[in-house]
Amino acid sequence: MQKKFQIEVDCANCAAKIETAIQKIGGVASASVSFMAQKLVIDADEARFDAIMKEVVKTARKIEPDFEIEL
Amino acid sequence: MTKKQKRMLRRILLSVALLIAVVLLCSLIPMPWPLELALYLIPYLVIGHDVLRKAFLGIAHGEVFDENFLMAIATVGAVLVQEYQEAAAVMLFYQIGELFQSYAVGKSRKSISELMDIRPDYANLVAPDGSTTQVDPEQVAVGDVILVRPGEKVPLDGTVLEGTGTLNTSALTGESRPRSAAPGDEVISGCVSVDGLLKIQVSKPFAQSTVARILDLVENSSLKKAKAENFITKFARYYTPAVCIGAVALAVIPSLFTGEWLVWFQRALTFLVISCPCALVISIPLTFFGGIGGASRCGILVKGGNYLEALAETKTIVFDKTGTLTQGVFQVAHLSPAQGVSEAALLETAALAESYSNHPISKSLRQAFGQPLDAARVTEVREIPGRGVTAKVDGKAVAAGSARLMEELGISFAAEAQPGTVVYLAQEGRFLGSILISDLEKPTAKAAIQGLRRQGIRTVMLTGDSEAVARQVAQDMQIDEAHAQLLPGDKVEWVEKLLEQKPERSTLAFVGDGINDAPVLSRADIGIAMGSLGSDAAIEAADIVLMDDDPAKIPLALRIARKCRRIVYQNIIFALGVKAVCLLLGAVGIANMWWAVFADVGVMVLAVLNATRMLRVSRWRA
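Protein sequence lines, in the order shown, are assigned to chains A and B.
The numbering used here puts the first residue of the first sequence at 1, with every later residue one more than the last.
The numbering used here puts the first residue of the second sequence at 72, with every later residue one more than the last.
Extracted from the complex, chain A is given alone in its bound form:
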């Protein structure tokens, strides 16, 4: 299932790092973070989607403590 989220990331480098880290989470088929559009598009296993999103937020906050997302 593909879904798009509004996010808040303050630095372009963190956005790129977050993208790489999210792509490595199990169950994530693909993920793209746009710093300019402040968007996250994620394609992940539908059955575990909520759990995956929790993992996504955790991972992102590790890289950028100020990461915000509108779930």
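Be aware that a few hints might be false.
[Unchecked claim] Listed next, the in silico EDC-like pairs over lysine to aspartate or glutamate satisfying Cα-Cα at most 20 Å (straight line): (1) K75(B) with E70(A); (2) K178(B) with D10(A); (3) K74(B) with D10(A).
Calculated directly from the structure, the hints in this document are not laboratory data.
As the structure is a prediction and not an experimental result, all values here were calculated from the model.
Following the hints, position chain B against chain A.
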């Protein structure tokens, strides 16, 4: 400015004031170092506490080597070597740079959303009793009737039920060419009604309307990253640790020989500040974002930074003919009446004979005649598939159709020499003349092709049309090559052949109207579709969509793409160049912490300013 930015600005101003006060105080009254340190720590912590916090969290999470980490190490290091003033100043400049960057980025985001100001705020829903209410366009269902007043945006796609007027499509196409709208016409969302009061029956829900699709496309385009962007991301991943190792080496190795630990430690800190990669990491996506935004404002929708990048490398452009270079609309081009027959009589007879047919050629005859036809004058109509029509017009037997029809009827006729579709006409067995019907070239096509050839691009035309027609169009427009009588499959083969022939490291673009060309559009490096204002197939299949089907937008798109590439290269070379020089100077001790701050914040500011040049669309539109 956002709330966050305003808060940052206040912090910056406060710490500037504090820093000045502390500097003055310390120069006036000599004091022991612990007191001096305590005083300098006040502005330092006011401005830098969040950086320190993030750096600390980063270390705790195993995420070292980001900007915060570099700044924290460099300034804490400066404190350790008792350069308190520099520690506070470096942190301050870093934060000023960050604020500037976030302001510049925010501004380009805003200007792009303003450029794409096509989202309708409301729709006037008409109730069955005739009263209207303002609702969110998303709440309008298919089949509902909406009212668009003069000056309002058409909020949803639909068909005009009542009212006539003109629509301004400039927000979608970049051209302020008005289109007329009358009952029965399809209208698309995003246009602005100039003068008419229109009642429109909605044909698509908002999520599938033209406006929503375009906005979605532009938004998603920044998710498809250009190679340059990925390069920088990868580069940063190796670069930062490499620089940190370099800094450690710089601090330790020379000191082992010279014993000047303090000097080399300071140089290593300078080295760290210089190395910060933020200028590159921010300016490149910003440039592509600006390029995509600027292009969409000109009616060129680019689906990703990668396509904009590829377009800059294009050396071969392959065109479909019908609907791309020509209008795809048949029109009467020439009348050749036989002796003793007037042009008007020829056209009238042909229009009458073909008045029952819905064939595009028949339509073009009726359109050229331009007057209402009295159907009662036409009787005994017989359509002969692939040949034409026979009928009785005003009681006389008329035949209208191809040369083959004339031959089969045994009528001698004068063959038309010019390429195109020819309708031969006979009355009571006597030849009346012929009418040449052809597809008109788009007015801007020739200039577009010539513009491309001047840029050194090989132009190729592929068409399913006859050899003669292809040759004429190619000659007229001075296209380098034309290949005719191709089926859709043949076009794919040709594109594959051309892909093999293209110069190395260049790309090939195919321009088509997107309806029959989907396989070719996807086979080419870049598929450019004539969007015909909202044709779904075209928008889906292509990488770049020309909203107004104007071939003149192709050289423009190339110019935008090249400018984008130029700015990206400028930024990469400039930023890396300045940093390399400063790193070198820092290592040998010429560049101090102040140079370092310029190499970091100054370069970033300049790179961002350079990137924002991409947003100035007005120059391209002229």
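I'd like to know which numbered hints this structure contradicts. Please list them from smallest to largest. Of the numbered hints given earlier, the structure breaks none, since each of them holds.
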